[in-house]
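Chain P: place on chain R using the hints.
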Amino acid sequence: MTGVEDISHIAHTHTVQNQRLREIDDLNREWLACPHCDELWQRPRLNPGQRARCGRCHSVILTNKRRSTENTMALMTASLILNIVAVTFPFLKMEKSGLSNEISVLDAISVLWVNGLPGLAIGCAAFVLVFPLARIILLLHLGMSVQKQQDTGRKHAYMFRLAQILEPWTMAEIFMIGVIVSLVKVGKLADLSIGPAFWAMFSLMILLSLGALAVCRDTFWQDIRRAS
Amino acid sequence: MTTARENGWAVCRACRSLSDKPGEKCAVCGSRIHLRRPKSLQWVWAFWIAGVIAYIPGNLLPIMITESIAGDKPATIISGILILFNQGSYLISGVIFFASIFVPVSKFIIIAWLALSIQRGWAISEHRRHFAHEVVEFIGRWSMIDVFVVAALAALIQLGALMSIRPGAGVDAFAISVILTMFSAMSLDPRMIWDRRGDNRRSNNAEF
Numbered sequence: 001m002t003g004v005e006d007i008s009h010i011a012h013t014h015t016v017q018n019q020r021l022r023e024i025d026d027l028n029r030e031w032l033a034c035p036h037c038d039e040l041w042q043r044p045r046l047n048p049g050q051r052a053r054c055g056r057c058h059s060v061i062l063t064n065k066r067r068s069t070e071n072t073m074a075l076m077t078a079s080l081i082l083n084i085v086a087v088t089f090p091f092l093k094m095e096k097s098g099l100s101n102e103i104s105v106l107d108a109i110s111v112l113w114v115n116g117l118p119g120l121a122i123g124c125a126a127f128v129l130v131f132p133l134a135r136i137i138l139l140l141h142l143g144m145s146v147q148k149q150q151d152t153g154r155k156h157a158y159m160f161r162l163a164q165i166l167e168p169w170t171m172a173e174i175f176m177i178g179v180i181v182s183l184v185k186v187g188k189l190a191d192l193s194i195g196p197a198f199w200a201m202f203s204l205m206i207l208l209s210l211g212a213l214a215v216c217r218d219t220f221w222q223d224i225r226r227a228s
Numbered sequence: 001m002t003t004a005r006e007n008g009w010a011v012c013r014a015c016r017s018l019s020d021k022p023g024e025k026c027a028v029c030g031s032r033i034h035l036r037r038p039k040s041l042q043w044v045w046a047f048w049i050a051g052v053i054a055y056i057p058g059n060l061l062p063i064m065i066t067e068s069i070a071g072d073k074p075a076t077i078i079s080g081i082l083i084l085f086n087q088g089s090y091l092i093s094g095v096i097f098f099a100s101i102f103v104p105v106s107k108f109i110i111i112a113w114l115a116l117s118i119q120r121g122w123a124i125s126e127h128r129r130h131f132a133h134e135v136v137e138f139i140g141r142w143s144m145i146d147v148f149v150v151a152a153l154a155a156l157i158q159l160g161a162l163m164s165i166r167p168g169a170g171v172d173a174f175a176i177s178v179i180l181t182m183f184s185a186m187s188l189d190p191r192m193i194w195d196r197r198g199d200n201r202r203s204n205n206a207e208f
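In order, the protein sequence lines correspond to chains R and P.
Residues 1 to 228 (this note's numbering) make up the first sequence, in order.
Residues 1 to 208 (this note's numbering) make up the second sequence, in order.
There's no promise every hint is true.
[Claimed, not checked] DEER-style ranges, computed between Cβ atoms:
hint : chain 1 : residue 1 : chain 2 : residue 2 : range
1    : R       : G49       : P       : E137      : 24 to 32 Å
2    : R       : G153      : P       : D72       : 55 to 63 Å
3    : P       : G8        : R       : L162      : 41 to 49 Å
4    : R       : G98       : P       : D72       : 17 to 25 Å
5    : P       : N7        : R       : I194      : 52 to 60 Å
6    : R       : Q42       : P       : V105      : 38 to 46 Å
7    : P       : F131      : R       : E95       : 45 to 53 Å
[Said to hold, decoys possible] BS3-like mimics (lysine-lysine), calculated; alpha carbons at most 30 Å apart, straight line:
hint : chain 1 : residue 1 : chain 2 : residue 2
8    : P       : K21       : R       : K155
9    : R       : K148      : P       : K25
10   : R       : K155      : P       : K39
11   : R       : K155      : R       : K65
12   : R       : K155      : P       : K73
13   : R       : K65       : P       : K73
14   : P       : K39       : P       : K21
[What the hints assert, rightly or not] In silico negatives: residues of chain P with every beta carbon more than 10 Å from chain R:
hint : residue
15   : R32
16   : A50
17   : N59
18   : K73
19   : A115
20   : W122
21   : L180
These aren't lab readings, by the way, just hints derived from the structure by calculation.
All of these numbers come straight from a predicted model, not from anything done at the bench.
The beta-carbon is built from N, C-alpha and C at its ideal position, and this holds for glycine as well.
Next comes chain R alone, as it looks inside the complex (with noise of 0.2 Å):
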């Protein structure tokens, strides 16, 4: 009995959600307001590869990329197998006086680790590691649950929202550049050979970046509005 009564109550939540999801697709097929300024505008139909700016503040306002859900998949798809190459393979060697040292990402962070402050460990392992990869698999994940038409529902959504959060702090990007720098500081005191997860590490930076390009958020939360 009181089974009955918990599930009627359950599918009546379900449908009032879904009685609010559809007044808010109302809403936005007909209107748009620029995140950035607030101002409200009638909602443009775009084409697709085309994009619409605000009137008032000139930011892009709407997107509409082609095929960005398969671009997105192929670049998050080649930067998870250079993720493994670039953190576990050699990145550096150096040699001086006879003593040498080669390390792979992990092993520097392992280093750290033990030797420094495990605050820089920490810190490091999340902005390097940690988070690139939880995007690299999000994107991966949302990107083929939409292609295989699944029920894009609120789980879906926190998935995206938490890719998007994580965007400004994955920095694989600066780690190469600060690498980079010190390699100059080294380069007088010793010899260095670069190893294959630097160059696996740099293209790593370069799809990164690129996947953050493809990936067009317009399209997914229209999608996520109409699926009720």
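Chain P only, in chain R's frame:
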């Protein structure tokens, strides 16, 4: 020309869906929708002050210590730049100067200027302030370069008694300062730059 707020509507900052009931959770993505970010300027100032405080030890304490047979040699951000400059690596010392001194200091000034202009209702071109905010949000992360330089050097130069490099406490303080300033810039609701005169005093006290 109307804004969403003048219509009683608000746009979700996370998914950009328009909602006619500000204050509720976004039906699309689940984040709370506000007319303007609540207490936006208080958050900006809180992160700003904390970031400025952390920037001081970040510059005064050594960011790395070179240990060799000759003894320990500590280096701060500024002394590192000077050493590189004197060695003739003008480009690299320029990059470090730009990322570690120029960007953080101009960020502090620009964020304070934006927050004050909103608080005091200064009549400065919205386009100029909007552009300044975009630049600050885009460039802030690049200050982390010096942190990664120290991390790479400390990981690589581990040759025992011959020579090794150890990160100093300054690098933690500097990294924390960069992160706090990123939060400060993110806390600023850009819609407030564009609000018409007198609107903000209302929205600061309003419920949403």
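For each hint, the structure was consulted:
As the Cβ distance of G49(R) to E137(P) is approximately 26 Å, the hint placing it in 24 to 32 Å holds. Distance hint check: the CB atoms of G153(R) and D72(P) are about 58 Å apart, consistent with the given range 55 to 63 Å. Evaluation of the 41 to 49 Å hint for G8(P) and L162(R) yields a failure: the beta carbon distance comes to about 30 Å. The supplied range of 17 to 25 Å is met by G98(R) and D72(P), whose beta-carbon atoms lie about 23 Å from each other.
For the hinted restraint 52 to 60 Å between N7(P) and I194(R), the CB-CB distance of approximately 58 Å keeps it satisfied. Checking the proposed 38 to 46 Å range against Q42(R) and V105(P) shows it holds: the Cβ atoms sit about 43 Å from each other. Take F131(P) and E95(R): their Cβ atoms lie about 48 Å apart, and the range 45 to 53 Å holds. Between the alpha carbons of K21(P) and K155(R) the distance comes to roughly 23 Å, so the proposed pair stays at or under 30 Å and holds.
Between K148(R) and K25(P) the CA atoms are separated by roughly 28 Å; this keeps the pair inside 30 Å, and the hint holds. A hinted pair counts as satisfied when its Cα atoms are at most 30 Å apart, and K155(R) with K39(P) qualifies at roughly 29 Å. Annotation: proposed proximity of K155(R) to K65(R) holds, straight-line Cα distance about 24 Å (limit 30 Å). Only pairs whose Cα atoms come within 30 Å are accepted, and K155(R) paired with K73(P) is rejected, the gap being roughly 52 Å.
About 53 Å separates the Cα atoms of K65(R) and K73(P), which puts this hinted pair outside 30 Å; it is violated. As the CA atoms of K39(P) and K21(P) are separated by approximately 19 Å, the hinted pair is consistent with the 30 Å bound. Here R32(P) stays apart from chain R, with its beta-carbon at least about 12 Å from theirs, past the 10 Å limit. Against the 10 Å criterion, A50(P) stays outside the reach of chain R, whose nearest CB is about 16 Å from its own CB.
In this structure N59(P) is separated from chain R by more than 10 Å, as the shortest Cβ-Cβ distance comes to about 17 Å. The Cβ of K73(P) lies farther than 10 Å from every Cβ of chain R, with a closest approach of about 13 Å, so its non-interface assignment holds. The Cβ of A115(P) lies farther than 10 Å from every Cβ of chain R, with a closest approach of about 17 Å, so its non-interface assignment holds. Every Cβ of chain R is farther than 10 Å from the Cβ of W122(P); the closest lies at roughly 17 Å, confirming the non-interface assignment.
For L180(P), the condition that its CB be more than 10 Å from all CB atoms of chain R holds, with the nearest at approximately 13 Å.
The structure is inconsistent with the numbered hints 3, 12, 13, although it conforms to all the rest.
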